[in-house]
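K.L.:
Here is what each chain is made of, one letter per residue.
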Amino acid sequence: MDLSKKVQLRLLWIAVFGICLLPFLAVVLAAVQQTLGADPAKEIVLELGTWAIILLWASLAVTPLRKLLKWSWLAKYRRMLGLYSFFYASMHLLAFATFMVGWDLDILFLELTQRLYAIAGFAGLLLLIPLALTSTKKMQKRLKQNWLKLHKLVYVVALLSLLHIVWQIRSDYSEALIYGLLLCWMLGYRYYIRTCAAQKRKQSVMVQHDKVGTHQ
Amino acid sequence: MLIQQKPDINSSEITSESVYLNRRNFIKSVLGVSTALIAPGAFALNNYSLEDEKRYPGPQWLQQKIAAATKPKIYQTADKLTPYKDVISYNNFYEFGLSKTDPSERSQNFISDPWKVEVVGEIAKPGHYQLEDFVSPHQLEERIYRLRCVEAWSMVIPWLGVPLADVLKRFEPTSKAKYVEFTTLLDPEQMPQQNSLFGTLDWPYVEGLRLDEAMNPLAFLATGLYGQSLPPQNGAPLRLVVPWKYGFKNIKSIVKIRFTETMPVNTWNKTAPSEYGFYANVNPEIDHPRWSQATERRLPSGLFSPNRIKTLPFNGYAEEVAHLYKGMDLTKWI
Numbered sequence: 000m001d002l003s004k005k006v007q008l009r010l011l012w013i014a015v016f017g018i019c020l021l022p023f024l025a026v027v028l029a030a031v032q033q034t035l036g037a038d039p040a041k042e043i044v045l046e047l048g049t050w051a052i053i054l055l056w057a058s059l060a061v062t063p064l065r066k067l068l069k070w071s072w073l074a075k076y077r078r079m080l081g082l083y084s085f086f087y088a089s090m091h092l093l094a095f096a097t098f099m100v101g102w103d104l105d106i107l108f109l110e111l112t113q114r115l116y117a118i119a120g121f122a123g124l125l126l127l128i129p130l131a132l133t134s135t136k137k138m139q140k141r142l143k144q145n146w147l148k149l150h151k152l153v154y155v156v157a158l159l160s161l162l163h164i165v166w167q168i169r170s171d172y173s174e175a176l177i178y179g180l181l182l183c184w185m186l187g188y189r190y191y192i193r194t195c196a197a198q199k200r201k202q203s204v205m206v207q208h209d210k211v212g213t214h215q
Numbered sequence: 000m001l002i003q004q005k006p007d008i009n010s011s012e013i014t015s016e017s018v019y020l021n022r023r024n025f026i027k028s029v030l031g032v033s034t035a036l037i038a039p040g041a042f043a044l045n046n047y048s049l050e051d052e053k054r055y056p057g058p059q060w061l062q063q064k065i066a067a068a069t070k071p072k073i074y075q076t077a078d079k080l081t082p083y084k085d086v087i088s089y090n091n092f093y094e095f096g097l098s099k100t101d102p103s104e105r106s107q108n109f110i111s112d113p114w115k116v117e118v119v120g121e122i123a124k125p126g127h128y129q130l131e132d133f134v135s136p137h138q139l140e141e142r143i144y145r146l147r148c149v150e151a152w153s154m155v156i157p158w159l160g161v162p163l164a165d166v167l168k169r170f171e172p173t174s175k176a177k178y179v180e181f182t183t184l185l186d187p188e189q190m191p192q193q194n195s196l197f198g199t200l201d202w203p204y205v206e207g208l209r210l211d212e213a214m215n216p217l218a219f220l221a222t223g224l225y226g227q228s229l230p231p232q233n234g235a236p237l238r239l240v241v242p243w244k245y246g247f248k249n250i251k252s253i254v255k256i257r258f259t260e261t262m263p264v265n266t267w268n269k270t271a272p273s274e275y276g277f278y279a280n281v282n283p284e285i286d287h288p289r290w291s292q293a294t295e296r297r298l299p300s301g302l303f304s305p306n307r308i309k310t311l312p313f314n315g316y317a318e319e320v321a322h323l324y325k326g327m328d329l330t331k332w333i
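Those protein sequence lines, which keep their order, are chains A and B.
Number 202 in numbering that gives the first Met the number 0 belongs to position 203 of the first sequence; there are no gaps in the numbering.
Number 228 in numbering that gives the first Met the number 0 belongs to position 229 of the second sequence; there are no gaps in the numbering.
Rather than coming from a laboratory, the hints here were simulated on the basis of the structure.
Cβ coordinates follow ideal geometry from the N, Cα and C atoms, glycine included.
Some clues are possibly wrong.
Stated by the list, open to error - Here are the simulated EDC-like cross-link-like pairs (lysine to aspartate or glutamate), alpha carbons at most 16 Å apart as the crow flies:
1) B:Lys177 with B:Asp211
2) B:Lys309 with A:Asp103
3) B:Lys124 with B:Glu171
4) B:Lys175 with B:Glu260
5) B:Lys70 with B:Glu140
6) B:Lys168 with B:Glu121
7) B:Lys269 with A:Asp103
8) B:Lys309 with A:Asp105
9) B:Lys309 with B:Glu150
Stated by the list, open to error - Interface residues of chain A toward chain B, partial, derived using beta-carbon atoms under 7 Å:
10) Gly36
11) Ala37
12) Phe98
13) Met99
14) Gly101
15) Trp102
16) Thr112
17) Arg114
18) Asp171
19) Tyr172
20) Ser173
What the hints assert, rightly or not - One-sided and incomplete, this derived list gives chain A residues near chain B with beta-carbon spacing under 10 Å:
21) Ala131
22) Gln167
23) Arg169
With the hints as constraints, model all of the structure from the sequences given.
P.N.:
As structure tokens, then:
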């Protein structure tokens with residue numbers, strides 16, 4: 000790989016990293032400048048949570064987009080997107096506990112154990128922890144086949160995140176519908192690819208059988 | 000034969016054309032003087048320093064009523080007022096959108112003058128009333144009430160308006176009148192969310208009270224806040240304020256009042272009966288399925304002081320209203 004190519008890739012990495020960090024910086028800036036209105040706590044929590052989900056969805060979109068658009072470079076950023084989603088989700092819970100509950104442990108405990116939407120969200124965040132911890136290349140190599148199995152948990156996290164939204168709907172389904180349809184498409188595409196691949200294998204096996212047959 | 004008729008009026012008595020054409024200005028200037036005369040004595044309602052925030056002076060007739068408003072001592076409170084800018088920029092008014100800032104952003108061209116209110120049902124005097132005629136017979140009062148949203152946040156707001164009971168009595172409810180139903184304007188062109196494809200609320204928004212609740216002295220019809228007319232995002236030009244109930248009972252931009260024998264079906268109750276009842280009295284012991292009602296955050300909340308306070312039964316107005324629900328199981332009648 001020549002040097003300019005290397006520099007380009009490096010710049011691309013920095014750009015993606017920076018873009019993912021922007022919403023966080025924007026929230027911090029707005030909080031410092033006090034432009035978040037009467038209920039800054041709720042705004043911050045909502046904003047961080049929204050980005051946690053957007054980035055999770057983005058990480059899930061890598062595989063289908065990579066195949067459809069033939070953007071192989073995207074694969075490199077799946078880990079970053081996933082880790083960023085984990086970062087935003089953690090900040091989301093931290094902001095909730097700090098700004099909305101003021102670390103009143105009784106209230107926090109009640110919220111996280113009594114409210115269905117909160118249970119779903121909290122469970123999703125907990126499940127992201129092992130994924131984040133095993134996201135390094137080293138762990139990927141060490142866990143081998145188990146790594147893939149473990150990281151299938153991300154689909155469960157996505158479903159829990161969707162429930163987290165759906166159970167908070169008060170009167171309008173449009174936002175949840177968009178997330179839901181996108182998730183259906185991303186999961187559906189994977190299923191489609193897999194059945195296609197299976198069929199191809201089957202066909203090639205049959206072709207071989209046929210070949211074997213003609214030889215006899 | 001020509002008969003010369005004597006003119007009925009001497010030409011000297013006829014108002015000159017210039018004065019005649021100027022009569023509107025004349026009336027205005029006289030009114031202006033009288034308003035100026037009343038204002039200093041009117042408990043300094045306009046003493047709120049509203050800084051650079053947008054103001055909503057309202058129509059001339061309302062400005063005069065406001066200038067003459069009283070400030071009954073019993074409806075003042077020691078609670079710190081929620082700042083004006085928060086009261087007019089943090090709103091739940093789903094007709095204009097779902098986020099807290101949608102109403103203030105999308106309602107600024109809302110037409111609330113002229114405005115008609117239709118009054119029908121089990122009453123002796125049904126009719127359509129111009130807002131001015133509807134409000135005029137009453138003296139405006141300023142009342143400071145706590146507003147507790149079902150989403151567990153609260154504000155303290157100085158309303159201007161008239162006691163609901165005084166208004167309702169004018170229409171002479173018959174013995175069949177057991178409930179009062181209120182309806183918000185239906186106008187998807189002005190209220191974009193009424194067009195939503197994926198919304199679950201049926202428009203127009205409907206709310207209701209039992210007649211004895213409506214006749215309770217606390218129940219209030221607001222036409223203003225913070226010493227001026229109601230901003231559109233707060234329910235211009237006429238909204239209900241029932242401070243012992245959750246915020247969603249405080250129906251906005253009212254166009255219709257109907258007296259009925261049967262219990263009205265209020266919009267949120269229709270949408271999610273397990274979450275929202277007809278009564279919706281503030282009750283710290285009964286949680287909403289998705290959040291606790293034991294505490295509330297008094298807005299504006301600082302980041303490191305969430306301003307979380309204990310929620311009181313009937314939002315602290317138990318003394319005034321608890322007797323209305325004597326013998327009722329309030330765990331059932333949410």
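K.L.:
Next step is simple, just say for each hint if it's right about the structure.
P.N.:
Hint check:
1. B:Lys177 with B:Asp211: holds (8 Å)
2. B:Lys309 with A:Asp103: holds (13 Å)
3. B:Lys124 with B:Glu171: holds (6 Å)
4. B:Lys175 with B:Glu260: holds (6 Å)
5. B:Lys70 with B:Glu140: holds (6 Å)
6. B:Lys168 with B:Glu121: holds (12 Å)
7. B:Lys269 with A:Asp103: violated (35 Å)
8. B:Lys309 with A:Asp105: It holds: about 14 Å lies between the C-alpha atoms, which stays within 16 Å.
9. B:Lys309 with B:Glu150: holds (14 Å)
10. Gly36: holds (6 Å)
11. Ala37: Cβ of Ala37 of chain A sits 4 Å from chain B, so the hint holds.
12. Phe98: Holds, about 5 Å.
13. Met99: holds (6 Å)
14. Gly101: Cβ of Gly101 of chain A sits 4 Å from chain B, so the hint holds.
15. Trp102: violated (9 Å)
16. Thr112: At 12 Å from the nearest chain B Cβ, Thr112 of chain A fails the 7 Å test, so the hint is violated.
17. Arg114: holds (6 Å)
18. Asp171: holds (5 Å)
19. Tyr172: Since chain B brings a Cβ to about 4 Å from Tyr172 of chain A, closer than 7 Å, the hint holds.
20. Ser173: At about 4 Å, which falls below the 7 Å cut-off, the nearest Cβ of chain B leaves the hint on Ser173 of chain A intact, so it holds.
21. Ala131: violated (26 Å)
22. Gln167: holds (7 Å)
23. Arg169: Where the cut-off is 10 Å and the nearest Cβ of chain B is about 8 Å from Arg169 of chain A, the hint holds.
Figure legend: structure checked against the earlier numbered hints; hints not met, in rising order: 7, 15, 16, 21.
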